[in-house]
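Just so it is clear: in the sequence shown, position 46 is 46 by our numbering, and no numbers are missing.
Quick caveat, the hints were computed from the structure, so don't treat them as lab data.
Quick reminder that beta carbons are idealized off the backbone N, C-alpha and C, glycines included.
Some clues are possibly wrong.
[Stated by the list, open to error] Using C-beta positions, here's what the derived DEER-type ranges look like:
#1 6 x 42: 30 to 36 Å
#2 27 x 5: 27 to 33 Å
#3 5 x 40: 16 to 22 Å
#4 45 x 25: 34 to 40 Å
#5 5 x 42: 16 to 22 Å
#6 14 x 45: 16 to 22 Å
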Amino acid sequence: MTHCIEPWPGSLLMFTVPRIHRICRVDRVAGEGRRLSIAGWFMTEHRKVR
Numbered sequence: 001m002t003h004c005i006e007p008w009p010g011s012l013l014m015f016t017v018p019r020i021h022r023i024c025r026v027d028r029v030a031g032e033g034r035r036l037s038i039a040g041w042f043m044t045e046h047r048k049v050r
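Can you make the complete structure from the sequences, with help from the hints?
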């Protein structure tokens, strides 16, 4: 199943891992519609499930 999430100005996207994802470049034709992408992880403690 594939989902496409269109970027909106000032938006933030978060998802659980593992997650196959792709970020496409913004072409020059976007003009003032620039984008900044920041990637990283939130470290959390998980308890073992038996």
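The hints, checked one at a time:
no. : hint                : in the structure
1   : 6 x 42: 30 to 36 Å  : violated, 24 Å
2   : 27 x 5: 27 to 33 Å  : violated, 18 Å
3   : 5 x 40: 16 to 22 Å  : holds, 18 Å
4   : 45 x 25: 34 to 40 Å : holds, 36 Å
5   : 5 x 42: 16 to 22 Å  : holds, 19 Å
6   : 14 x 45: 16 to 22 Å : holds, 18 Å
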